[in-house]
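Peer 1: Each chain, written out:
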Amino acid sequence: MAKINLDQVISIVSQTTKIPKKKININSKSSDFYRWDSLAQINIIITIEKKIKKKINISKISELTSIKSILNYLK
Amino acid sequence: MLFHSPIFLLIFLPIVFALYYYTSKYSKSAYEYILIVAGIFFYAWWNIYLSPLVLVSIICNFFFGNLIRNSSEKVFKKRILIISIFFNILFLATFKYADFVIQNINYLFDSKIQKLYLPFPLAISFFTFQTIAYLVDCYDGNIKKASLAKYSLFIIFFPQLIAGPIVRYNHMMPQFNNEKNRIISHKNLTLGLILILIGMLKKIILADNLAILVNVGFENYQNLEFFGSWLTSLCFTFQIYFDFSGYIDMATGIALLFNIRLPQNFESPYKATSIINFWQRWHITLSNFLMNCIYFPWIKSLKKINFLKAMLITFFVFIIAGIWHGPSWLFVIFGCLHGLGLIINHSFRKLFKFKINKYIGCFLTFNYVNLTFIFFKSETLAHSTSIIKGMLGLNGFIFPDFYENKIYIILILLISILITFIFKNTNYLLENLKIENK
Numbered sequence: 100m101a102k103i104n105l106d107q108v109i110s111i112v113s114q115t116t117k118i119p120k121k122k123i124n125i126n127s128k129s130s131d132f133y134r135w136d137s138l139a140q141i142n143i144i145i146t147i148e149k150k151i152k153k154k155i156n157i158s159k160i161s162e163l164t165s166i167k168s169i170l171n172y173l174k
Numbered sequence: 006m007l008f009h010s011p012i013f014l015l016i017f018l019p020i021v022f023a024l025y026y027y028t029s030k031y032s033k034s035a036y037e038y039i040l041i042v043a044g045i046f047f048y049a050w051w052n053i054y055l056s057p058l059v060l061v062s063i064i065c066n067f068f069f070g071n072l073i074r075n076s077s078e079k080v081f082k083k084r085i086l087i088i089s090i091f092f093n094i095l096f097l098a099t100f101k102y103a104d105f106v107i108q109n110i111n112y113l114f115d116s117k118i119q120k121l122y123l124p125f126p127l128a129i130s131f132f133t134f135q136t137i138a139y140l141v142d143c144y145d146g147n148i149k150k151a152s153l154a155k156y157s158l159f160i161i162f163f164p165q166l167i168a169g170p171i172v173r174y175n176h177m178m179p180q181f182n183n184e185k186n187r188i189i190s191h192k193n194l195t196l197g198l199i200l201i202l203i204g205m206l207k208k209i210i211l212a213d214n215l216a217i218l219v220n221v222g223f224e225n226y227q228n229l230e231f232f233g234s235w236l237t238s239l240c241f242t243f244q245i246y247f248d249f250s251g252y253i254d255m256a257t258g259i260a261l262l263f264n265i266r267l268p269q270n271f272e273s274p275y276k277a278t279s280i281i282n283f284w285q286r287w288h289i290t291l292s293n294f295l296m297n298c299i300y301f302p303w304i305k306s307l308k309k310i311n312f313l314k315a316m317l318i319t320f321f322v323f324i325i326a327g328i329w330h331g332p333s334w335l336f337v338i339f340g341c342l343h344g345l346g347l348i349i350n351h352s353f354r355k356l357f358k359f360k361i362n363k364y365i366g367c368f369l370t371f372n373y374v375n376l377t378f379i380f381f382k383s384e385t386l387a388h389s390t391s392i393i394k395g396m397l398g399l400n401g402f403i404f405p406d407f408y409e410n411k412i413y414i415i416l417i418l419l420i421s422i423l424i425t426f427i428f429k430n431t432n433y434l435l436e437n438l439k440i441e442n443k
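Those protein sequences? They're chains G and A, same order as listed. Residues 100 to 174 in the working numbering are what the first sequence spells out, letter by letter. Residues 6 to 443 in the working numbering are what the second sequence spells out, letter by letter.
Heads up, some of the hints might be wrong.
Stated by the list, open to error - To list a few chain A residues with every Cβ distance to chain G over 12 Å, as calculated:
1) 99
2) 193
3) 206
4) 312
5) 360
Said to hold, decoys possible - The following label-pair restraints were derived from C-beta to C-beta distances:
6) 154(A) x 110(G): 41 to 49 Å
7) 216(A) x 164(G): 43 to 51 Å
8) 438(A) x 130(G): 20 to 28 Å
9) 123(A) x 102(G): 35 to 43 Å
10) 117(G) x 438(A): 53 to 61 Å
11) 61(A) x 110(G): 27 to 35 Å
I should point out that these hints are in silico values taken from the structure, not numbers from a laboratory. This one's a predicted model, so the numbers in the text were calculated from it and none came from an experiment. Glycine included, C-beta positions come from ideal geometry on N, C-alpha and C.
Build the full structure now, drawing on both the sequences and the hints.
Peer 2: Spelled out as C-alpha cells, the structure:
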C-alpha cells in the first residue's frame, strides 16, 4: 500500500469537497462541513484508493469521515 | 407487550433485570441465555405461532454467515452473500408484500388471483435489515467469529427487537462480551430510568394526545380547510417524531439497564437545515444501513461515477426506503419525495457557492418534511391531495367546528414546537448528565 500523509489527505478532501485547504486540519470531520456529504465521501474514498493503489472495504466508507480516521486507517 | 405497558415495566423487565445480574455472579455465559430466552418470550407474547419464523431466520442466517466467513474463495463468498441476501429479501417480501404484489397484478391485468392474507411477523423489516448488515460484515471480514448464541442475542435482544435502532454486530458484541457490563452500574441505571421516563412522556403525553387531533383531521379530510389542514399535518409530523423517538428513548434506556449502549437514532431532526442534513438526523441507523449496504456498494460498482448517476442511485435508494416502511404506493411516494428533495439539495450545492441562512434552511426543510409525512399517514391518495389542497387554501379558510378545545390545541402545538426546535435532545442528556458511579 502506497504511503499517504496528512497534507495529502487534506488536499484530497479539499479538492473533492471544494472546502478551502486552510479550513481543514487534523481534527476536521465530515459533520463540520456541509459540503462533505455522502457524495463527497465516496469521491474522497475513490481518490484515496487510486493514491494508495488498494481497495477500501465498503463497510469502512462510512467510518472514514474524519481526517484522523482516514489517517489511522492508512497507517 | 409494549415498553410502557404495566406487564412489561412491572413484571417482565424486573424479572429479566434480576436474572441477568444474579446469574452473572455464578456463570460467565448465563447472561446470553437469559437475554435470548427473554427476547423469544418478548416476541412470543405478541404472537406465539409466528415466533418460530424468527428462530428459522436466525438459524439460516447464522449458517449463511458461517459459510461466508469460513470460505477463502472470493467468488464463492460473493455467491453465498447474494443468495443469503436474496433469501432474506424473499422472506420479507413473502410476509410483508405478497398481497400488495397480488393486488397490483390483479389491477394491472384484470386478473382475480386470491390474496394470501399471510400474517405479518412483528419487526420483520428491522431484523431483516439487521441480518443483511451482519452478512455484509461477514463478507467484508469485519466479523472474525460468531457463535449461534451470540448471533441469536444480537438479533433477538429485546430492547431493540421491535422498532430498532438497527444495530451492527461489531457495535453490540464487545459490549455483551465485556464482563464489567454484568455488574450493576448506578450511572447507567439512573440514566436508563431517566430515558425510559422521557420516552414514556413523549409517547403518552405528547404522541398519544397529538394522535387524537391527527385522527380527527384525517377522518374529516374532506372538510379540512386551510387551518384544519395545517393543524392535521403539523400534528402528525410532531406525533410521528414523539412516537418513534419516544420508543427509541425507552429502548435505549432499557438497554442501558443492562449496561448496553444502543446507537443514536435521532439528533433533533426537525432542526435540520437541509434534506441531506435531515437524513443525517432522522432514523440515523436506517440511513446508515441504506448508505453502507445499498448506496455505497451500488455506486462503487460503477465503472465511472458522475453526478447524474449518483443522483439516480440516491433516488432509487429512497424508493427502497419508502417501500420498506410498508406495502403501499403512498410509502413509495414518500420515498420518491425524499429522493427528489435530496437531488434538489445536492444540485443546489453543486450549482451555487453560497449557503442558505440556517433559519431559512430549517423552515424550508421542516415544511418539506411536513408535506411528505402527509403521504406517509394517508390511507389513500385522495386523503393526501385533499389535505394539500386545504393547506394551499383551496378548501376555504373557516376553522372547522369539530375541534372543540382550541386552547388545548394551541398548548400541545406550542409544547411540541418548544421541545423539537428549542430543547436539547436525549442524546445530549446521555452524554452530558453527570451522575457519579457508586
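Peer 1: Starting from the range 53 to 61 Å, see whether the pair residue 117(G) and residue 438(A) falls in it by beta-carbon distance.
Peer 2: 39 Å, violated
Peer 1: Could one say that the CB atoms of residue 216(A) and residue 164(G) fall in the range 43 to 51 Å?
Peer 2: Roughly 37 Å apart at Cβ, these two residues miss the hinted range, so it is violated.
Peer 1: Is the Cβ of residue 193(A) farther than 12 Å from every Cβ of chain G?
Peer 2: 25 Å, holds
Peer 1: Could you check that no beta carbon of chain G comes within 12 Å of the beta carbon of residue 99(A)?
Peer 2: 28 Å, holds
Peer 1: Look at the Cβ atoms of residue 61(A) and residue 110(G) and judge whether their distance stays inside 27 to 35 Å.
Peer 2: 52 Å, violated
Peer 1: Confirm or reject the statement that residue 312(A) sits farther than 12 Å, beta carbon to beta carbon, from all of chain G.
Peer 2: 8 Å, violated
Peer 1: Are residue 438(A) and residue 130(G) spaced within 20 to 28 Å by their CB atoms?
Peer 2: 22 Å, holds
Peer 1: Mind verifying the non-interface call on residue 360(A)? Its CB should be farther than 12 Å from each CB in chain G.
Peer 2: 7 Å, violated
Peer 1: Please test the hint of 35 to 43 Å on the beta carbon pair from residue 123(A) and residue 102(G).
Peer 2: 56 Å, violated
Peer 1: Assuming the hint says 41 to 49 Å, is it satisfied by the Cβ distance from residue 154(A) to residue 110(G) or not?
Peer 2: 48 Å, holds
Peer 1: Mind verifying the non-interface call on residue 206(A)? Its CB should be farther than 12 Å from each CB in chain G.
Peer 2: 29 Å, holds
Checked against the numbered hints listed earlier, the structure breaks hints 4, 5, 7, 9, 10 and 11; every other hint is satisfied.
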